[in-house]
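Q: In case you want the letters, here they are:
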Amino acid sequence: AQSVSQHNHHVILSEAASLELGCNYSYGGTVNLFWYVQYPGQHLQLLLKYFSGDPLVKGIKGFEAEFIKSKFSFNLRKPSVQWSDTAEYFCAAFNAGNMLTFGGGTRLMVKP
Amino acid sequence: EAGVAQSPRYKIIEKRQSVAFWCNPISGHATLYWYQQILGQGPKLLIQFQNNGVVDDSQLPKDRFSAERLKGVDSTLKIQPAKLEDSAVYLCASTGGLVRRETQYFGPGTRLLVL
Numbered sequence: 001a002q003s004v005s006q007h008n009h010h011v012i013l014s015e016a017a018s019l020e021l022g023c024n025y026s027y028g029g030t031v032n033l034f035w036y037v038q039y040p041g042q043h044l045q046l047l048l049k050y051f052s053g054d055p056l057v058k059g060i061k062g063f064e065a066e067f068i069k070s071k072f073s074f075n076l077r078k079p080s081v082q083w084s085d086t087a088e089y090f091c092a093a094f095n096a097g098n099m100l101t102f103g104g105g106t107r108l109m110v111k112p
Numbered sequence: 001e002a003g004v005a006q007s008p009r010y011k012i013i014e015k016r017q018s019v020a021f022w023c024n025p026i027s028g029h030a031t032l033y034w035y036q037q038i039l040g041q042g043p044k045l046l047i048q049f050q051n052n053g054v055v056d057d058s059q060l061p062k063d064r065f066s067a068e069r070l071k072g073v074d075s076t077l078k079i080q081p082a083k084l085e086d087s088a089v090y091l092c093a094s095t096g097g098l099v100r101r102e103t104q105y106f107g108p109g110t111r112l113l114v115l
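These protein sequences, in sequence, are chains A and B. Here my numbering is used: the first residue of the first sequence is 1, the next is one more, and so on. Here my numbering is used: the first residue of the second sequence is 1, the next is one more, and so on.
One or more of the hints may lead you astray.
Computed list of lysine-lysine pairs in DSS-like fashion (alpha-carbon distance at most 30 Å, straight line) [claimed, not checked]:
hint: 1; chain 1: A; residue 1: K58; chain 2: B; residue 2: K44
hint: 2; chain 1: A; residue 1: K49; chain 2: B; residue 2: K44
hint: 3; chain 1: A; residue 1: K69; chain 2: B; residue 2: K11
In case anyone wonders, no lab produced these hints; they're calculated from the structure. Note that the structure is predicted; figures quoted are calculated from it, not measured.
Isolated chain B (complex conformation) (with noise of 0.2 Å):
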């Protein structure tokens, strides 16, 4: 069975720049996860997606976050502008049933720098 996706596993921009992360969950995996784990930190939910509806996006600064899950299956996690504190990993998890509290299973993550 494959993991969690996700791309690119690297990124590198300057402050005020826009960048998107993609994921794409195990398959038939009904929710989705986006963590923020910033170096030395344990990560923290970001957003969840219940196939394409959101069912929490408390922590999500949305002034300059933004995700979709358009059709259930891949999603996109944006940044913009982008700012030095947001310089982290960012994870990916999905788990397969409806049930709220299920093993997560992350992928690699993409590690972000903000110059």
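For reference, chain A alone in the conformation it holds in the complex (with noise of 0.2 Å):
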């Protein structure tokens, strides 16, 4: 079965610093991938979505992903963190039968 794998379970980063979340699938075939955001008290967001053509794909709010198929991996890149960053970040991927599925989850706090 495929799984979704995030390195990370809590992240902690000061103000401006650059932020790097890994994510790593196991499903082979065509692979459709996600990042969603949480912020505290909202529901999940859509960050950013790779479905096919350039492998860097540019987000809201100046998130990236960058997919790299030899890695199976998909992470996700924002040069410089805002203290409004603090949120738990999901990648998701789809599935040979189409099904979403979630990594585990990485909360970030980014202290002002």
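Two chains, two frames, some hints: make the complex.
A: Have a look at this one:
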């Protein structure tokens, strides 16, 4: 069965630090990948997605992610985080059965 | 455009009781999903509807969970009887078309605590 794994459960950064959150998936076929974010007290929102084309995907709020097929990875990056980026981040992938599978999430805390 | 609506937002029950959650998807969205998110984990799909038909319920514990979407619009998820391990956030999501791999839009969730 497909799995999505996120390496870091908790990340603490200071404002202006750079961010990289790891995501790996196990499925070897055509894969569609997402990063969702959940701000405190809010619902899950789409940050960015990869379906095809340019493997470097740009999303909202300055986030980007790079799809590296050979590494089965889809890491999320932001060059300079803000306090308002404090949230939980989820990587997700569609598998062969068209079921969206989520990673366990990474809680990011940005210190002002 | 209004988002996915869910109610109630919070529910506390005792084990062996029954509980029901309601979801109203984004207007016009044909496909509706119910997810279970246990604390510290990512959401896990329970059931997927397309209009009023079930597309995938392979991960729904059918001995105690049931869901319906009778008119192809809003949906109800029921747990009967509840167990302690059912404590979780129950998320509803919807997508607009009939394409299988679309961006899903999530509601705020219902947080269930089973005592």
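Q: Confirm or reject each hint.
A: Consistency of the hints with the structure:
1. Between the alpha carbons of A/K58 and B/K44 the distance comes to roughly 26 Å, so the proposed pair stays at or under 30 Å and holds.
2. With a C-alpha separation of about 19 Å, the suggested pair A/K49 and B/K44 falls inside the 30 Å cut-off, and the hint holds.
3. Simply put, A/K69 and B/K11 have alpha-carbon atoms about 42 Å apart, too far for the 30 Å limit, and the pair is violated.
Hint 3 from the list above is the single one not met by this structure.
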